[in-house]
Every structure is written in C-alpha cells, then in structure tokens.
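**Student:** Chains F and E, in that order, are what the protein sequence lines are.
For the first sequence, the positions run 4 to 212 when the numbering used here is used.
For the second sequence, the positions run 706 to 994 when the numbering used here is used.
Worth double-checking, as some hints may not be accurate.
In silico DSSO-like pairs for lysine-lysine, Cα to Cα no more than 30 Å straight-line [stated by the list, open to error]: (1) F:Lys75 / F:Lys111; (2) F:Lys75 / E:Lys824; (3) F:Lys100 / F:Lys111; (4) F:Lys77 / E:Lys824; (5) E:Lys891 / E:Lys922; (6) F:Lys111 / F:Lys77.
Keep in mind the hints are simulated off the structure, nothing from the lab.
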Amino acid sequence: MKTIIATCSLIFLIGVSCRRKPSMDPVSCCPKVGISSDISPAGPLDARTSIYQLPGLWTDQHDRSLELSRLKGKVQVMAMIFTHCGYACPRIVQDMKAIQDSLPDAEKNNVGFVLVSFDTQRDDPAQLQRFAEQQALDGHWILLHGSSRQVRELSMLLDIKYRQTGDNGFTHSNSILILDNQGTVRTSLDGLEPQTGTAIDLIHRLTAG
Amino acid sequence: MKPALISLMFLLLPPTTPWTQNRSLSPSAQNGSPNRLNAQNRSLNRPTAQNRSPHRPWASKQDHPGMILIPGGVFQPFLLASGRKQKEHIPSFFLDEHAVTNADFLEFVRANPRWRRSKVARVFADSHYLAQWSGDLDIGNGQIRNSPVTDISWFAADAYCRWKGKRLPTLAEWEYAAGALPLNAKRGQNLSRIILSWYDHPAPAILPPVESTYKNKFGVWDMHGLIWEWVDDFNSVMLKGGNFYCAAGSAGTADKEDYAAYMRYAFRESIQANYAVRSLGFRCARDID
C-alpha cells in the first residue's frame, strides 16, 4: 500500500512540476517553453481565473490611483520591469512596442499595454512618467507603481519570478503576458526572442471573440 | 549542478517528504540539560545560534503561544547575490513551533467562507485545493486532524497567517530556522546528510501528526522530514540560466554539494502560487513586537 501511495504521489508531483514550465529539464539554447499549448480564446471566460480579483490600489505614471479591474474590457499586454534595468527590460519594452506597431488599425484601440515596476523605491509615478517619455510610450500604455506586497502578489499571479540583488537591481523572469479582456492570462511569452507573430495572432483571436 | 541531475534526484527520491520514526530523533531523546544544549550550540556553525546565555535575554519580549523566538544571526543564502557569497543578517523573529494543522485550517475556512473549497477563486487556488478533505467544512479522515494541512496554495497560506495576525516567513528566515541541527544531533553531524537519509525512506500512507519528526536547536519542530513549506517569497528562486532571467550570471549557489538544499530550491522554482500540492504545507511567522 505504501508503495502504491508513494508511486502515486511521485507521479502526481512530477505532473505538478511539469504542468506549465518544466524547469527540471535541461535548458536548450533557444527555449520556447512558456507558450501555453492550450490557448483557446473561443472558450468561455471564467471570471474566477481573472487576475483582476487581486484587490488594492496602484498608482499610474500620471499619479492616478486605480485598481487592476480598471484594465478590464481590453486585451492587455503586460510585463514587469524596472526602469533602471540596463539589459533585458529595454528589450521587453521594445518587443511590446513591436507588438503595438504590428497591430492592425482596427485592433489598436482594443489593446492596452501595461508595465509594472519591481522597483517600489525608485520607480515612483514621476520616474515612470520620465521613462514613458524616454521610450515614447503613447496613451495606450499604463505604467504602474505599487507596494512591495502588491508587486509580490501580482508577480505570483503572473508567474514571474524576481529577487532583489545586492546592487539595487533585480533578477527577474523575462516574460510578456497577454491577458484577455476579463483579465485571464492567456499566454506567457518567455525569453528574449521576439515572438511578435505569436502575440499578434493571439490578440487577433482575443479581440475578435 | 546540471538540471538533469536534479530531475534524476526527483525520480529517485520520494517526492512527498518522507517521515520516518527515527529512533535517534524521538522526542524522549531530546530533553538535554541546559548545559548540554549550550555545548551543542557552540558546535553549531550553520546558522549561528545566539542562544548561549542561560538568562535568555529575549525572554522579556512578549511571548506568543505556539511560537518560538528565533534569535537573529548571520545566514549564508544558498543562492548567490551577483555571483558572490554574501552573508545576510536575519533579525530575530517568531516562528510557529509546528506547521499549521488540518484542524487549525478548518477554523480558518469556517470563519472565511471565500477560502472554502467550493468558493475559492481558481486564480488563488487550483482544483487540488483541500482535495483530501471530504467537504468544505469536513476534514474527513479523523486521523489527519493534527497533521499538517497540505493541498493549500500560497494565497491560502498567506491569508491564514494574516487572519492570525501573522505572516509567512521569508525564504531567508525559513532557511535560517531550518538550518539548525536536531536537538540531539551528534557533534559534527551534517544536516544535509540527515535530510537525505530521511528521503531514503518511503512516504507514509497518511501524513503523520505535527511534532512527530524532530525538534531542532531553535526549538521548532519538523523543519525537515515531514512536508515542504511555503515561504513568503518562494518565487524569488531562479536556478535556471539562459535568457529567461535578467542579470545573467546571478544564478549560482553557495554550496554545490548541498543536494538537500538544491531539492528544496528546485521544488520552489517549479511551483506557482495557486498550486495545491499534497506534500506542501506551511507555518507562520511574526515580527518581534
């Protein structure tokens, strides 16, 4: 009996660890593991899977307070960054801008772009506004500042890992998330390879649905 | 260490942290005299235990029932910061003496309907949430009332601790507290080896009650050998390299030989906050008043 239970729990745990990101597997040079194979935008939307259930007020780059649920109604392309980041974050923002530029005109107004900062100390609304100007981010972009608690919770909902490093920086997952208009994460584009085509296809299906 | 080796270890070792009635760790063997305890603490090098004074200087601080004051100290994080070994100071804090039990958690879901099995939002707890219970307010098997509650997500564990006026321990706090040797450990014993020897034993059919493995030198029970435990910032673990993470080169560990630690961190990296896992429970911490 013990053996059976042990075997079952072994299978269960392996199942759990491989459910989304098989982090135990050797990493190949050009990984694409983050893309969910079960994208089904046509399926019924389950409000229970919306990340907008996370309560709490955030502040945007214009110093306005908002709850995440304000993002409802549009497809959102979301990432977590910090503005003092030298390498990966600028590329994440570039990839998001490439997605925005590739959208057909008919869809442009149905898609928002959200950047949430890990750096709760330095990325206050004024710094986020400066960053938005430097990067020439238009009115479709929202940059959010929250408490360290809110940022940690949101990172968990988005399955983004991060850790503050000794030199005031952050180590973090490089991911761009695409959320449907109810706030359910439909895919996570991971790594630094641009995946604009995948993103555009999915957004097209989500805005059509 | 190669990721393939970690996978191999997961295959070879029982994933539900096994429990074993190790005679040398039985509670009766653990009531050493204060003098003997002090002698043991002097030989303890990871983490640095500060409780050498027989006067217990912290005893004047307000006590919390069921919690143990973990005296602050220096801790070497397993994951390197910017590729360097950099010791971290852990301030004193309180930690639950043992993991939260099914009976404890039942009180919580009684008082907080949104955390009942049929009500909880999927984004906060997946479909395995409290799967072994018989119903929303029914643990089912009476034998597990006093066993650690498992099949609970990070969000549920976090909500429980806050409801109690507590919080989840940070990863550093948990590792620091768990790094102390068993109360009756022999001089020079290596904790990693003790843990790995537990993993050699098959998992029991029914999770044993709390306080059934061993008490460590800080006075907390079952830090290893019964379940895995959630920590507040579990998603700060990034072992995998490559383009997935910003700040390349930050992945590195302080002790490449510590397989037991590697397993814990690899497990933390593999889970998400809404996962409910049969071998994963939690305990709470709180700041010094």
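**Student:** Run every hint past the structure and note whether it holds.
**Tutor:** These are the hints, each one checked on the structure:
1. A distance of roughly 16 Å separates the Cα atoms of Lys75 (chain F) and Lys111 (chain F); the hinted pair therefore holds under the 30 Å criterion.
2. Our distance criterion of 30 Å between C-alpha atoms is met by Lys75 (chain F) and Lys824 (chain E), whose separation comes to about 22 Å.
3. Between Lys100 (chain F) and Lys111 (chain F) the CA atoms are separated by roughly 12 Å; this keeps the pair inside 30 Å, and the hint holds.
4. About 27 Å separates the Cα atoms of Lys77 (chain F) and Lys824 (chain E), which keeps this hinted pair within 30 Å; it holds.
5. In summary, the hint linking Lys891 (chain E) to Lys922 (chain E) is supported, as the alpha carbons are separated by about 12 Å, within the 30 Å threshold.
6. Our distance criterion of 30 Å between C-alpha atoms is met by Lys111 (chain F) and Lys77 (chain F), whose separation comes to about 10 Å.
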